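Student: Residues per chain, in single letters:
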Amino acid sequence: MIHEILASRKKLIQGIPLSIRKAEGEGGCGVVGLASSVPVSGKHILSPCGQMHNRGNGKGGGIAAVGLLPEQMGVSREILEEDYLLQIAYLDPKARNEVEQVALLPSLEIHHSYRIPTLDDYREVQGLELRPPEVWRYFCRVKRDALEGFILKNSFPMGQTSRLGGTPTIKESTRSVGANPSVRPGMDGHRWAEDEFVFQNTFRLNQHFYASLGEKRAFVVSHGRNMIVLKLVGFAEDVIQYYCLEDLKAHVWVGHQRYPTKGRVWHPGGAHPFIGLNEALVHNGDFANYASVTQYLRQRNIAPLFLTDTEVSVLLFDLWSRVYQYPLEYVIEAMAPTTERDFFMLPEEKRKIYKEIQASHIHGSPDGPWFFILARNNVAEKTFELLGITDTSMLRPQVFALEEGEVKIGLIASEKQAIDATLRSLSEEDPRFCPKADRYWNARGGSHTDGGAFIFSVRANSPAEGGVKGGLGSASSSLRCTNKFGEIITTPPGQVHWRRDGVDPIRRGMDNPSVGVQSALGREPLLTGKMPVLLGEGGWEDVKEKMKEWQFDTLLGYCREIVEISKKGDKERSQAIQLLTLLIDRHYDTGSKKRSSVLVIVEEALYEIFSFRHPSFLYHLITWENRQGLYAPEGQEEILVVDVHSFPPEGDSGISRFIVEAYQKGWRKFITFDWRGQRFCGCGLGPGTKGVRIDVYGSSGDYLGSGLDGGEVVVHGNGQDQLGQILKEGKLVVHGDVGQTFLYGAKGGDAYILGNAAGRPLINAVGHPHVVINGTALDYLAESFMAGDPLNGGGFVILNGITSNEKGEIIDLETPYAGGNLFSLASGGAIFLRDPLERMDEGQLNGGEFFSITQKDWEIILPYLQENERIFGISIESDLLRGRSPEEVYRKILPARRTVLQETTPNH
Amino acid sequence: MKNNQELITEKHTQNIHQGLKRLSTLRHGIPGGLGNPRWTGELLLATYEMARTGDLPTNGLEYRVGKSGGGFDVLDFKFRTPNSEFRTPNSEIDLSIPLNRRPWGAKIEIPFPIYGGGMSYGSISLNFMIARAKAAMRLGTFTCTGEGGYPPPLVPYKDYIITQVATGMFGVREETIQYARILEIKYAQGAKPGLGGHLLADKVTTEVARMRGAVSFSSLYSPFPFHSVYSVEDHRKHVDWLKAINPEALISVKVSTPTDVDMVAVGSYYAGANIIHIDGGYGGTGAAPEIAKKNIAMPIEFAIPRVHKYLLSEGVRDEVVLMASGGIRTADDAAKIIALGADGAVIASTECVAVACTQCGNCERGRGCQVGITTTDPDLSLLIDPEWGEERLVNLYLAWAKRLRQILQDLGLRSIRELRGRTDLLVKH
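Order-wise, the sequence lines are chains W and Z. For the first sequence, this note's numbering begins at 161 and goes up steadily by one. For the second sequence, this note's numbering begins at 5 and goes up steadily by one.
For reference, chain Z alone in the conformation it holds in the complex (with noise of 0.2 Å):
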């Protein structure tokens, strides 16, 4: 017998299911409410409907750009008039990108220029968290611990899962140090660039407070910045604590788009850092103060070709990967930034989306998401299944999969990796 707890989760999850599927018929049209001009209605749907399908809409769905009228939304590829001698076949297309492009440390490559990014626990559930988990295990790709400690249920995933090592340094010890096969210092967060994290108290269960070691229903503060990391040389000193503690690590440097970014990629690289991680100021959960997100950071198309150029300039291109995040919403903003400089890109909201995130920017209230992704109320968290998660997640990846080979083919490239820095490819619209 299901206790009424269990029936009404179970009722919930039904009607979410079944939101998901029937509104990305378009039986309903595009409701008036969903979306924004950056995250359209059609965008939010033709994003519910790969995650279901693994596919791209038949249906005319768009979802290739948004109405934003800027950024992403105004460009376009120059496409090769459709031509099958110069087109490579679907099966040769190579998607895959090395996270490590110095001669010495792990070989590491993901099948294809994309993992997730950092949302902590606390921020999200752990349902959601052991979904983007198993998900990022099933592709061969990585998700990220966000900055909330590292649940035990986690561990199982933990050769998939980068720790972040964040300036509350929250959950972060040695042994979630020396999990990780990939560790992220995050300095700033492009949604909120200058302004630490915040995780308030409405969140903080006793949960939550338990795996950092707070106390519950008090409000968060990571610090801006690390205190104790005030220069490129505290940086380095930083990087070579951590490698002191798991010297098989690589090292990816999380920075937000100042207006010295270009310097500060290229300070992290000579401090030994293999992946430089810039995040736009696009990205964010409804948690990130209104006013800060997109009014700090520089957006990240404009920030890439900058560090992408500068990179090149000082001959070390080729010995870093470049990740770029804070606003990338479809497989065809992900090219974009690649032919932009990046050699591949990190998401976040985008797999919130998958999950049925409709961008109604609740997410800092405890039991302000109604979908179960960015709560840590002990009900709505059950709302999403860990399986189902998975399932919408990895579909999701196979629908951008198949649009960037497609983009690839279109262009006549062979490789994603031919695709970087092509900003001839580029047109505006």
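Isolated chain W, as found in the complex (with noise of 0.2 Å):
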């Protein structure tokens, strides 16, 4: 079947030339998605986007949508379930007759079609530069005589089956004709040929009114069943906008913001999603090997026509899946080969079969830097997907998220703030949402660990379980992450998320931000002034203890004493923030409640009291609003207080200058919150910045603390990508995760991390840097890391591979380290690997060697583990060396003495 298929597209190709190269450079972008148990409506996409917006530059953008309501596309369930969705944009709007003639009508059965409903005035969406295409939606299915022509003029093998097809079910089959158009008794086992019927449609409609005479008349913009793709030159948020789909439910959306390099682009062809048949992708990156591909693809009669990146990866995603029928797995191996030692890792069984994929398909995996999301229906398993891969060498940001409640949602983006930014804008709409999510992950590209990639599936519970007959769509779907290798990502179980039913539950409206409206934690009118609580010594260690015994109430009870207690005086003032602070950057046991929503509560009373506008000595409050009334620190006040959220993401009025500008009028302590995904917090201060001390709450962003010379800059939460490159003296300290290229070309300073770093932390790191990682890394930690003589006042890292379980309990991870290339190149420096059971081998070092540590190293080590512990809480007796020695619990790896790097190699 697979020869006929691919055959049959020969004619298909004749004459397109052969085209190794891009039609036009492409770079990074930001990309989002989401699935979700519940369907949700378009307008939540529009937040993450609007935060990625410098990720994109208005010159495309893009969604996509899968598992639709059928209510709302004006058709039967059935016909959404069963017919494709064909979706065309008319360049020109004198081509549909043609088109709908020559192209549609001939072979197609058209149930229903419309245009799809716009705003009347594309200039009502600010920064919408041109009109976007008219597109029509036809719902429609192959007409039996042609599809039978089609089956025979390419010998198609009758009577097969294919396992996407699926074989005709008794429900199918049983249906009595003209009840419903498309049942076609007897070729409904054909689905698979229809599938390529239609597929084949596509491009020689693609062909003929947009590609060959170079007019871009027409193309479609999508045929998959129940989803929907739609784009244009502009923002993803103008899709949304212009389009109306703000009220438009989906179980899956994906939103894509270009940044093609051309500057003058007039149509959407180009512009993500691309399809396939039943999936959408959108891709952040740019690969080198779009030659390869394209040969690759060509070999087996495939043709690109909008000749980028993103249309050949989808391209592959089809073939592999649709017409080699291969399991998902293993399109994500033959897309992202395991290499080096993560092949070695795997079973016996697996690598005599990734070795076949790649042998067959090495020169049609497209080489990095590339990130895929993928929107698909997966008509075969009744599940609608969204697919999140990476590549080999981790070149792109990317961050997973999953939250499991009453709903339960997936999602995928380019930076961590897009999530928290859809959370968000969901949890406002409906209480089941809570605005963080349970779980926040990057995964290892190309690994025996994780294969890089986690699907996210979409699936109607069967009424056994509860579910409501109708399938797909109902409000009893239920949602399962896994990962390259099917293994389920999950969270803690027996635990629940915090309700909030109320009617304007957030702290702020988002349009009028600056404006006080209740707090969540003042419809409490219970418990106040009954909740003995404990500030200063000890409070700690009395909420900690009682926390796992709480319910929510309690908890908000309690915050709201906090609250007004906090209101006495700048002494007591302190001493919450420091407790609540606590609450937020420790970990501990929650009981049957969800971290996440005590996170939400602790956060929100935390903001309440950094907002307090009532006079105070010590601290002094400054908002987007405010900002120009900025005076140099007055009597006895210290603490600059700035609401970051309004400030935009970078530039002259961004919030980094601001910092600055406090800076220079002589403020040295800043608490700074509700952070958006807002750039380069604490860059530009210059040098010797000592005494500077930057708090950090809420969504940071990119290239935090970069350049740091003296300061210090704390981050409550998770870090994301380039963080403190250039540092030069000073501390950085996140209480999380921090993403790629953490302290790349790092000259110095102390750095202490929570959780784990992601690729390629301290690439070129030189000098004297000393770095707690506490959790792990990706891989490609400490490449060519020249930080001199760790004895002499040289760098190191420690690396504990431990993390927390939901007790609050420091666990030791598998292994301290999973990747395979650590150190590599290093000339200088140390690691400091606690691996007590010795998990890790020589194999994973690229130019490091094993030794034991001495007296001396640990005592060198010791003060950044004492001081690991103050700010972590992580005991060096009982977490670290759990009753063993330094010598048997840690191990240092040096640079090999090898003679590559000290040898000149002549030229003559």
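Calculated from the structure, these hints are not laboratory results. No experiment lies behind these values; they were computed from the predicted model shown. Take these hints with a grain of salt, some might be off.
[Said to hold, decoys possible] Mimicking SDA-like on lysine to any residue, the simulated pairs with C-alpha atoms at most 25 Å apart in a straight line are:
| no. | chain 1 | residue 1 | chain 2 | residue 2 |
| --- | --- | --- | --- | --- |
| 1 | Z | Lys-313 | W | Glu-889 |
| 2 | W | Lys-1016 | Z | Ser-220 |
| 3 | W | Lys-1052 | Z | Tyr-225 |
| 4 | W | Lys-850 | Z | Pro-251 |
| 5 | Z | Lys-111 | W | Gly-811 |
| 6 | W | Lys-829 | Z | Tyr-225 |
| 7 | W | Lys-829 | Z | Pro-229 |
| 8 | W | Lys-376 | Z | Tyr-225 |
| 9 | W | Lys-850 | Z | Glu-96 |
| 10 | Z | Lys-298 | W | Ala-448 |
| 11 | Z | Lys-162 | W | Lys-728 |
| 12 | W | Lys-825 | Z | Gly-319 |
| 13 | W | Lys-728 | W | Arg-773 |
| 14 | W | Lys-829 | Z | Lys-313 |
| 15 | Z | Lys-162 | W | Glu-889 |
Mind assembling these two chains? They're in different frames, but the hints should get you there.
Tutor: Written out as structure tokens, the structure is:
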């Protein structure tokens, strides 16, 4: 069958020149995707897209939605699920009649069609410079005679069924003819042939009306079942607005901000998503072997028409999944091959298969950097899926998140802050969503551990499980997250979210941010004044113990009480801030409460205290609205509290420049809160900033503390990418994970990370940085590390390989480091690895050697572990050593004394 | 009393100076072993002579082209027949170019269309760096740190020094970013695109290692590419970062010449670059791998017209400054690349020649450079006295300016800006 399908395309591509050069350069982009157990409206994809504006340039935006509602689509559920949902963009509105006569009516049975609604005037969407195309929607199936002719002509094997097409079900074959126009007895078993027909019909249409003469009059935007794609020249949020998708509901959404290098882009053909059959793909990256991939596809009679990376990526996906019928795991392996040590860590059986896959498809495997997000209607499994796949070298930013409560949602994005923005938006509309995810993580590309890919699938529960008849789209759908190998990712069981049932539960309305709206805490009259609250010494120990027994109501009352007490004076306020900050930073047993909800409540209390406007000797509050009134600290004023959320993400009026201005006016201590992904926090202060401290609450952005030279930045939560680049002196503390290229080119300074680092931490670091990473790193830790001799003032990294469980207990990770590239090409510095079970082997070092640690080593690292204990509460005795001696627990990695770095190679 | 070491240095220096003077008199003819087809012996001697006198050679030395048989060496100008009417008087010819063509940001002009390219502390000696900085200051143009830190003796000249931020980020810190009026983000070097930077162990002396915070006598690599920049949108973020640290600085983006150099250039423009600096395949010192030089990047003569045309078609050509480097040896080369579409040229090898480089190609060795240019050896580094070097470089630039004026006069133009993109004035011979 594979052979027949590919052979049938031969005629299709005749005369199309093989183009091995991309039509235009394209870089990274902003990508976001969500899959939810309940259908959610398009407006929620607006805010993450808006917040990743700076990852696009307004030259292309697009969305895809999978798992729609029949009532919103104007068709029956049966038609929505069974028909192809063809959407055609008419760049030239006059082309419609011709397209329909030539490409649709002869072979397709159209059950319903309409022009999809738009705003009357595209100029209503601010920033939209070009009129987006008119898009028509057709629900259709292939006419019986046309399909029979197609099968005969191409000698498709009759009577054969494909895994994806499925055998005819009893339900389908017993339906009476006429009840539904789409039923053709005897033909449903050949869905795979019909799929191929639709695919080829689209190709022909695009070739004829778009690519061939360079006229670009019309093209198919999408044709899959129960899914739509829309795109235009503009930003992704413009698509939502212009095509009136704010209230359109779907289970799976993806959004894409494009950043083509060309300035003049006049039509949306090159914008993402691109389609296979039942899937839409968005891409962040730019791969190096476009020529090789197009040639690989050409050998299989496939020719791209839009000449972009993204198009060929989805063509590969379609080829491997629909034509070759590979299971998803193998498709992912073909895309992002498992290599080096990771390959050898695979079970024997997988190695055998993967080797075959790699041998067959390596020429078609996209060479990074790339990161794909796919939305697909998996018709065979009857699931709606959201997939994120990272390249083997992990060259693009990527964050995954999962929330499992009354409703379940999985999210994927280029930045964590975009995920937070989506959840915030959702929770404002539907109290079942928590504005923080239960879990955030990064994928390790091409790895044996997670395969570098995660799949969120939405499936209707069977009636036995309490599902409602009506299949997908019903409120009782469930969501499951798995990795490439099918292993399930989940959140701690037995815990519930706090449900915020109120009219206006958020501290402040989105539209009028500075006005204090009644807080969630204020809605809880119970317990006020009755809750014993202990501030100061012992307060933390007290609440930590009690927390696990508390209901959400009790926690709310406790926070309410703290807020009240903190109004008494600066001393109480400082103590309250300290205590609530510990509740955000530390991990402890939350009992039956989801940690994410606890954080939401505590953060709200904290933000309320930060937002106090009554007089204070110590604190001075600045918001976006009153920023111009910034003055030098007066009297005892010491701490500048900045509400960051309305500041733009970068540029002259950005928050980073504001902090510099305040620093120049004499401010040294900053509490900054409600960050929404703004970049460059702590950059630009210049040299010698000892004494400066910036506390960061909320969703901080990229490049935080990059350039820091003396000051201290403390992040209460996760950090994003490029933190602490070229750090010279000072201190960086992150109560969470950090992203890509952490401390790239650092020269010194101290850094303490509670969680994990993503790819390439400390690459090219020199001098004397001292770093404690309590979790692990994805890979390429300390590549080209050149930080001198650690015993003589040089730099080092302590990697503890620990995490905490839902009870707040410190536990060991399975291995302190799973990657195959540690300390590559390093010529100086050291890594102190906490590896009591000696899980790591020489094969993981790429230029380093293991040594035992000495008393001298221990003396050098001890002060850093003590500081680590002070900051994170990670005890040296009970959490790290656990009764063993340092020599038994820590190992040292030093650069191998290889000649490669010492030799000079003569040219002559 | 001079000590032994000082006496040796003095003697060597004198000999070098004598040689530079005598050789270009042609009293002994052109030494047989000197030069190569691109940098012919004659061209080297002519450059020595210009750096000595500040004028064009008068003894018949060829100072315009080499003998490579391609590129600049087969291009010539279509000079108009000498006619005094259309010749602009020397004093009225304008060689200046702006380095910022955007409507906002600092307005910086240089008096002639050339500045010095990045060579790091480590790849070259400190004395030569100081000489370059002094010359740049005297002339009102720029030189560039390269990637090896910002040695403190350079700080007095900071207004005339471009701080380079390259992929290893060696020596880059907020202070050095804030020193500069122009920041150069170096993505690749035309001599070895895709290979990153190398400084082999020999040259990583204690002093060099200290400046970079690295380990002495251990080879240093700058990765390719920036590990935080894998796309044009990352690049924009990178530019925004530098602007967050130094909002006033102009941004120059130095890239090599991949096959899609035109798209790279236009992408850099949209990401906020003021200067796009395209580095072709004929540059680089002897430290660049022989296999890479001239074999990976496309020639600058080919890349520049492509980028120029693409920027024109995008309608943004007049908002960005296009600088060319990688094989600009003479004032004629510079004029030709401008006629091909660049605004100006960036030179480094020629500056080395001005201070006695013979193009011997031993640059990667710690004690390979016998004239004290590409060395970090404490003794050899002394062979270039900063004042002497400054004088030589200033003279070279003055001679080039004379030649550029001549060319413009012969073409009937009044300003170097009028020459840009005038391929119609070029002819192949």
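Student: Does each hint fit the structure? Answer for all of them.
Tutor: Here is how each hint holds up against the structure:
Among the hinted pairs, Lys-313(Z) with Glu-889(W) is inconsistent with the structure: their alpha-carbon atoms are about 46 Å apart, more than 25 Å. Taking the CA atoms of Lys-1016(W) and Ser-220(Z), the gap is near 23 Å; set against the 25 Å cutoff, the hint holds. Pair hint Lys-1052(W) plus Tyr-225(Z) holds up; C-alpha atoms about 24 Å apart against a cutoff of 25 Å. In summary, the hint linking Lys-850(W) to Pro-251(Z) is supported, as the alpha carbons are separated by about 22 Å, within the 25 Å threshold.
Distance restraint check for Lys-111(Z) and Gly-811(W): the Cα-Cα separation of roughly 19 Å lies within the 25 Å cut-off, and the hinted pair is therefore satisfied. A hinted pair counts as satisfied when its Cα atoms are at most 25 Å apart, and Lys-829(W) with Tyr-225(Z) does not qualify at roughly 38 Å. A distance of roughly 37 Å separates the Cα atoms of Lys-829(W) and Pro-229(Z); the hinted pair therefore is violated under the 25 Å criterion. Between Lys-376(W) and Tyr-225(Z) the alpha-carbon distance is near 48 Å, which puts this suggested pair outside the 25 Å criterion.
Proposed proximity of Lys-850(W) and Glu-96(Z) is contradicted: the alpha carbons are some 54 Å apart, above 25 Å. For the hint linking Lys-298(Z) to Ala-448(W), the alpha-carbon distance of about 22 Å falls within 25 Å, and the restraint holds. Of the pairs offered as hints, the one joining Lys-162(Z) and Lys-728(W) is violated, with about 53 Å between alpha carbons and a cut-off of 25 Å exceeded. Taking the CA atoms of Lys-825(W) and Gly-319(Z), the gap is near 43 Å; set against the 25 Å cutoff, the hint is violated.
Proposed proximity of Lys-728(W) and Arg-773(W) is supported: the alpha carbons are some 13 Å apart, at most 25 Å. Taking the CA atoms of Lys-829(W) and Lys-313(Z), the gap is near 52 Å; set against the 25 Å cutoff, the hint is violated. Between Lys-162(Z) and Glu-889(W) the CA atoms are separated by roughly 23 Å; this keeps the pair inside 25 Å, and the hint holds.
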